[in-house]
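Participant: Here is how the chains run, residue by residue.
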Amino acid sequence: MSPLNALHLYRVRLRARFWQECFAVVGIAAGVALLFASQVANSSLQSSVSQLSRGIAGNATLQLLARDPHGFPAATLTRVRAIPGVRVAAPVLEAGAQASGPRGSSSVQLIGADTSLSQLGGALVRGTQLRPFGGIGAVVLPAPLARTIGVTRFGQEALLQLDGRTAQAPLYSQLHSSQIGALVHSSVAIVPLSFAQELTGLGARVSRILIQPAAGSQPRVLAALQRLAAGRENVEAVDYEERLFAKAAAASNQSTALFSAISALVGFLFAFNAVLLTVPQRRRLVVDLRRDGYEPRTVIAVLLLDAIVLGLIACALGLVLGEELSIHVLHSNPAFLSLAFAVGSERFVSWQSIAFALAGGMGAAIVAVLTPLRDILSRDPLAAIGAPESSGGGGGDGKSTGGWRAPAHAPARAALAGVVCLVAATAILLEAPDAAIPGMVLLVASLLLVLPYALALALEIVGRLARLVAGVVPHVATMELGAAGARAVAIAATGAIAIFGSVAIQGAHGDLLHGLENAARDVNASTDVWVSPAGSYNLLNTTPFAPVDRSKLERVAGVRAVRLYRSGLLDYGDRRVLVMAPPAQARPLLPATQLVRGNLRRAEERVRAGGWLILSQAIASEHHLHIGQAIALPTPLPRQMRIAALSTNIGWAPGAIVMNADDYARAWGSGDASAYSILLNPGVPPARAVRDIRRALGASSGLAVQSAALHTLRQSALSRQALARLTQIATLIPIVAVLAMAAAMGAMIWQRRPRLAKLKLEGLPRADLWHTILLESLLLLGVGCLTGAIFGLYGQQLADRALAQTINFPVVYSVTVLAALSSLALMTATALAILAIPGWLASSVPAALALQD
Amino acid sequence: MLELRNLVKHYPAIGGEPVRAVDGVSLTVAPGETVALYGPSGSGKTTLLLMIAMLLAPTAGEILIGERDISTLSEHEASHFRLSELGFIRQSFDLLPGVSAIDNATLKLLKTRRWREARREIAPLLARLGLGERMNHRSETLSMGERQRVMIARALSTGPRLLLADEPTGSLDSRRGREVLELLRELSREREVAAVIVSHDPMAAEYADRVLTLLDGRLGEHSPNHEVYARG
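Chains as they are written, first to last, in our numbering: chain A, 442 to 1294; chain B, 36 to 267.
Errors might be hidden in some of the hints.
Sample of chain B residues lacking proximity to chain A, with all beta carbon distances greater than 12 Å (derived) [to be verified]:
hint: 1; residue: His45
hint: 2; residue: Ala48
hint: 3; residue: Glu52
hint: 4; residue: Arg55
hint: 5; residue: Leu90
hint: 6; residue: Leu91
hint: 7; residue: Arg163
hint: 8; residue: Arg226
hint: 9; residue: Arg245
Restraint-style ranges between C-beta atoms, simulated for each label pair [as the list claims (entries may be wrong)]:
hint: 10; chain 1: B; residue 1: Gly50; chain 2: A; residue 2: Val761; range: 42 to 50 Å
hint: 11; chain 1: A; residue 1: Arg854; chain 2: B; residue 2: Glu227; range: 45 to 53 Å
hint: 12; chain 1: A; residue 1: Ala853; chain 2: B; residue 2: Arg210; range: 35 to 43 Å
hint: 13; chain 1: A; residue 1: Arg854; chain 2: B; residue 2: Thr63; range: 57 to 65 Å
hint: 14; chain 1: B; residue 1: Gly167; chain 2: A; residue 2: Ala865; range: 26 to 34 Å
Read the hints as simulated data drawn from the structure, not as lab findings. Just so it is clear, the structure is predicted and the values come from calculations on it, not from any experiment. A virtual CB, placed ideally from N, CA and C, is assigned to each residue, including glycine.
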């Protein structure tokens, strides 16, 4: 049959099954949308960092990077430019800042550069004014950011707060997407280098120099830069920031990838269920074509054309829906990571995301449309509709033991394979928690393999219970479900996977959030009030500032002690580590809940004495370090320190180091503070003390004063924001699953109307038929959701252990049985309530329909 | 006993005379009697069966089962009538797939009896129908003749007073068709069931006590000819 004729046949047949095909299209589209949206959300943050990094660096391939937040002398630039083989060397000064205007404020990355940066051709600075305008420093802002803070007119001043300083910066221009593309969504403020140096108070210093070597000179330049750095600065490739971000975001990316996969599976099952609706018509077509003498090859080609048309239309619709979903529901939220990286809010749609979603949609369409493949290839042309040519039948192997059909061998064999997968997942849980993703995949496989048996077992149990009562409803329900086969399992699997994902995600999410909140509370437990540079970018107190006159603070009524707290970010290997350096007198120095290995009392004594630190276990494992061993820290003044104990990551994904404030000052070669930790006399209300301290500091100090309780709340809020995407996915999956199950079951019920008519003909009243439908639905949804919930609780333990052992988060383990049960009940009840309507309508089928075959 | 008194079913037609699908049919079938009803396609056979089974309301006339006129039953009462007083056998075998013969046969009994009781009750009838060795086999493993016998068992399971059979031999070869017709006649006599068999199969006449023909909605005495036996 020629493709044109096959297309004509498709068009002719479409008239008769238009609505079923529409439903199948919607089903596949929903799956594709879910898949696409989660993929886009997942890849946008990493792409944002990469784009911004490349937008600044352009053609540069190397960089000399300051370890000290104060940067290094700008004079180094002259020495770099003097290195043979250096084509362009561009100085950059970067700092976190808070930009404010009449309409609001936003955390931004201040980028100070001179005209040499433009020579590198980076998209962000190409054509940007990097020369002081008439000798006056001015700022260039991306248009969305300018609108957010309300600074949009030339010359209008934005308030910049950074490093405990406050300054006004007039707007020079806005950058639009026509100039810088997707980078327009970056939170950056670009200023001339000299103006950045003035704003930060750093004088003639820069934080990095970007270098473009001449062709073939890269190794020579690299070696020369390393000699120049002499172990006090870092020499790295320009993609270093991307690598650091990838490591920092690994936990979030892995968990989102996993749950994207679960979304994909739910979407695939939705699509598969939807396409199964059209299988009966396709089976009849197969019979017609085979009976008319067409070869199986031609039949497959005709069906493949069906799948391609169906898949293409559905994928196009799915991508449009997915685009909307990713814009309005599944936002990318950098949250905590924005405290250490310049991350924008732009969405990046990669070709991989589109290809993955398309492959999923087309795959579902092809697999489902080719369901009767075995029958097509059969020698019996009527095999596809299960009508044997010879009616002799009566083989002796179809004996049914004990009435209702017992669990057949196939489900039992699958269940056995499922148990093997479960054992493998348990081995991963116990022995290799870092392999959480393979563990989850095994768990999902186990769930899918066990489900047919669970369903058969449930039918057997209900069948046996039904024998004890008079009434046709449970008997017919179990008989019908027993006969429903793949369709029933596919529907139950949709619910099972959705509940599995929802329970595992929400459980692990709750445990992680609980742990992060504990960490925030513990870290803030050693102080009553914090004084630190203002701005939401400084929530971890990592911005240094020149110490103020401490006596001003000590004189405030109710203040018992003022202690200097130091903290910063240190690039160690591929990790941007949080270094916390509380004053030696702080109690506790490390909260007991964060200790993983070692003796807490002895470790605190050692850290207080100096020369010792507490390190996150994940970093120790990565570098094969153990307690008592010396570690060389790549600080501005490199130092050897010994490991006193191992801790969690204290809520910072890349890991944390705790040392005392004096050791920090020596390692960074600076007496700057990061915050003042203020202790109050007993009974002094923190709110009053905060007010008095603000007054003592004066309005122009650039320092923020807040109680430890408020600081804890803000950190917890940021944790919740960071995990928001998981919450969104965990909410979205059950919604889609409920719709998928209700739609698939509704359609299945509707298709059963002729069978219901036959039961009516036997005298079964409408109410009995309706109750039968509801019982079938309850059984199917209940078994699917219950199995999913049980596996979900197991998945939660797997995810918890991975988060705690691999990424070192301070997870609080729990088994959220109640939450799982409520999810299960809510989902089952919602789907059942939806199904009650088509069930009632289907049960009103006229019995006369039974005679029309 | 089944008695039809001047039964009429007219369907309205746009811009013309109403279609007289059944036009004043009167018929009495005594308990234990088997009536074979022939007629070409469109003669009103199915409409007549639908009305007797209370699946279609007559335009006029009465349908009496014993002394009771069932033509005015409510939907619920009609269901109850079909469940307990009527057995319906069709050409297509509406057995539940994956379910044993005996459980398929007990479907109607389960409304009022427990599973074990229902099986106990139906087993002798299945044995009587020659399915004693096959009653625990799943429906899809049964031959067409065996499936039809399961349908007969189901139809007779509740001890109906009336048996309607719509093309009961339509899917069977002549040997199995004969077996089924023989069984139907025997069982309706034994159980004193009034049986109406609608068929195109000339063989059905051999097993009927009376043979009638329906032509253009009117009942007449049977006169064998090809037009009547011909399938529509």
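Participant: Decide, hint by hint, whether the structure agrees.
Facilitator: Hint check:
1. His45: Holds: least Cβ distance 17 Å, greater than 12 Å.
2. Ala48: For Ala48/B, whose nearest Cβ neighbour in chain A is about 20 Å away, the distance exceeds 12 Å, so it holds.
3. Glu52: For Glu52/B, whose nearest Cβ neighbour in chain A is about 24 Å away, the distance exceeds 12 Å, so it holds.
4. Arg55: 19 Å, holds
5. Leu90: Check fails; 5 Å does not lie beyond 12 Å.
6. Leu91: 6 Å, violated
7. Arg163: 19 Å, holds
8. Arg226: Given that every Cβ of chain A is farther than 12 Å from that of Arg226/B, nearest at about 18 Å, it holds.
9. Arg245: The assertion about Arg245/B holds, with a minimum of 23 Å to chain A.
10. Gly50/B with Val761/A: 42 to 50 Å: 49 Å, holds
11. Arg854/A with Glu227/B: 45 to 53 Å: 52 Å, holds
12. Ala853/A with Arg210/B: 35 to 43 Å: Since the Cβ atoms of Ala853/A and Arg210/B sit about 40 Å apart, the hinted range of 35 to 43 Å holds.
13. Arg854/A with Thr63/B: 57 to 65 Å: 60 Å, holds
14. Gly167/B with Ala865/A: 26 to 34 Å: The hinted range 26 to 34 Å is violated for Gly167/B and Ala865/A, with Cβ atoms some 49 Å apart.
Hint compliance for this structure: hints 5, 6 and 14 are not met, and every other hint is.
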